[in-house]
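Novice: Residue-level listing of the chains:
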Amino acid sequence: NAGVTQTPKFQVLKTGQSMTLQCAQDMNHEYMSWYRQDPGMGLRLIHYSVGAGITDQGEVPNGYNVSRSTTEDFPLRLLSAAPSQTSVYFCASSYSGGENEKLFFGSGTQLSVL
Amino acid sequence: GENVEQHPSTLSVQEGDSAVIKCTYSDSASNYFPWYKQELGKRPQLIIDIRSNVGEKKDQRIAVTLNKTAKHFSLHITETQPEDSAVYFCGAGGFKTIFGAGTRLFVKA
Numbered sequence: 345n346a347g348v349t350q351t352p353k354f355q356v357l358k359t360g361q362s363m364t365l366q367c368a369q370d371m372n373h374e375y376m377s378w379y380r381q382d383p384g385m386g387l388r389l390i391h392y393s394v395g396a397g398i399t400d401q402g403e404v405p406n407g408y409n410v411s412r413s414t415t416e417d418f419p420l421r422l423l424s425a426a427p428s429q430t431s432v433y434f435c436a437s438s439y440s441g442g443e444n445e446k447l448f449f450g451s452g453t454q455l456s457v458l
Numbered sequence: 851g852e853n854v855e856q857h858p859s860t861l862s863v864q865e866g867d868s869a870v871i872k873c874t875y876s877d878s879a880s881n882y883f884p885w886y887k888q889e890l891g892k893r894p895q896l897i898i899d900i901r902s903n904v905g906e907k908k909d910q911r912i913a914v915t916l917n918k919t920a921k922h923f924s925l926h927i928t929e930t931q932p933e934d935s936a937v938y939f940c941g942a943g944g945f946k947t948i949f950g951a952g953t954r955l956f957v958k959a
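Heads up: the sequence lines are chains Z and W, in that order.
Residues in the first sequence are numbered from 345 upward in steps of one, following our numbering.
Residues in the second sequence are numbered from 851 upward in steps of one, following our numbering.
Worth flagging that the hints you see were computed from the coordinates, not collected in a lab.
Since this is a predicted model, take the numbers as computed values, not measurements.
Not one of these hints is a red herring.
Just a sample of chain Z residues kept apart from chain W, beta carbon distances all over 10 angstroms, derived:
{"id": "1", "residue": "352"}
{"id": "2", "residue": "397"}
{"id": "3", "residue": "412"}
{"id": "4", "residue": "414"}
{"id": "5", "residue": "426"}
{"id": "6", "residue": "427"}
{"id": "7", "residue": "428"}
{"id": "8", "residue": "430"}
{"id": "9", "residue": "458"}
Below, in silico cross-link-like pairs of lysine-lysine (DSS-like), each with a Cα-Cα straight-line distance of 27 angstroms or less:
{"id": "10", "chain 1": "W", "residue 1": "892", "chain 2": "W", "residue 2": "872"}
{"id": "11", "chain 1": "W", "residue 1": "887", "chain 2": "W", "residue 2": "958"}
{"id": "12", "chain 1": "W", "residue 1": "958", "chain 2": "W", "residue 2": "872"}
{"id": "13", "chain 1": "Z", "residue 1": "446", "chain 2": "W", "residue 2": "892"}
{"id": "14", "chain 1": "W", "residue 1": "892", "chain 2": "Z", "residue 2": "353"}
{"id": "15", "chain 1": "W", "residue 1": "918", "chain 2": "W", "residue 2": "907"}
{"id": "16", "chain 1": "Z", "residue 1": "446", "chain 2": "W", "residue 2": "872"}
{"id": "17", "chain 1": "Z", "residue 1": "353", "chain 2": "Z", "residue 2": "446"}
{"id": "18", "chain 1": "W", "residue 1": "872", "chain 2": "W", "residue 2": "887"}
{"id": "19", "chain 1": "W", "residue 1": "887", "chain 2": "Z", "residue 2": "446"}
{"id": "20", "chain 1": "W", "residue 1": "918", "chain 2": "Z", "residue 2": "446"}
{"id": "21", "chain 1": "W", "residue 1": "918", "chain 2": "W", "residue 2": "908"}
{"id": "22", "chain 1": "W", "residue 1": "921", "chain 2": "W", "residue 2": "887"}
{"id": "23", "chain 1": "W", "residue 1": "907", "chain 2": "Z", "residue 2": "446"}
{"id": "24", "chain 1": "W", "residue 1": "908", "chain 2": "W", "residue 2": "872"}
{"id": "25", "chain 1": "W", "residue 1": "887", "chain 2": "W", "residue 2": "907"}
{"id": "26", "chain 1": "Z", "residue 1": "446", "chain 2": "W", "residue 2": "908"}
{"id": "27", "chain 1": "W", "residue 1": "921", "chain 2": "Z", "residue 2": "446"}
{"id": "28", "chain 1": "W", "residue 1": "908", "chain 2": "W", "residue 2": "887"}
{"id": "29", "chain 1": "W", "residue 1": "958", "chain 2": "W", "residue 2": "892"}
{"id": "30", "chain 1": "W", "residue 1": "872", "chain 2": "W", "residue 2": "918"}
{"id": "31", "chain 1": "W", "residue 1": "908", "chain 2": "W", "residue 2": "892"}
{"id": "32", "chain 1": "W", "residue 1": "921", "chain 2": "W", "residue 2": "908"}
{"id": "33", "chain 1": "W", "residue 1": "872", "chain 2": "W", "residue 2": "907"}
{"id": "34", "chain 1": "W", "residue 1": "887", "chain 2": "Z", "residue 2": "353"}
{"id": "35", "chain 1": "W", "residue 1": "921", "chain 2": "W", "residue 2": "907"}
Glycine included, C-beta positions come from ideal geometry on N, C-alpha and C.
The following block holds chain Z by itself, in its conformation from the complex:
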């Protein structure tokens, strides 16, 4: 199992450009989520999904779109990149049900918006 795979690992954008961060998991997890990590601010939840076709907003959703057409994939779209979106982005998945609600994180995407 590869676990949670994120691409790309690094990306530089100009203000106003759009792009999609890819996330895929091969653990058949129902739940997936996106976080951004900024120094001193921890991990903040952007969007999450409880299954194919179902998404919802987290703490900081503005400027981002998501969709979940399959169980495996959960891409994050930046519609018009802004310098404030410079951050490290982590995708995570977790098993639904049972006592274990552990998040499995991808390796992250470091995004710089100039």
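Fit chain W to the supplied structure of chain Z, relying on the hints for placement.
Specialist: Structure of chain W alone, referenced to chain Z:
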């Protein structure tokens, strides 16, 4: 929505000493409280978690305590080692965990 506060933001201890990190949460409906460790340049990884029907859980040198009434939970690391140096995050919730701002732990050899 849920809000999680974490203290201290930085903690420096001597090797062999204990370290304690404290968190509070706001939503009384939360029932799952994980702790993640993140080493420099790596992804966060779960080190221990606790559910609201349990007051304390221990795994070797790591323990977590939960006070539901006070909406307060803590991470205790005993006999700290240099490899414990990392950033630690507390959280509330499962698949949509809300995290605290993190504690950077330095263990001095």
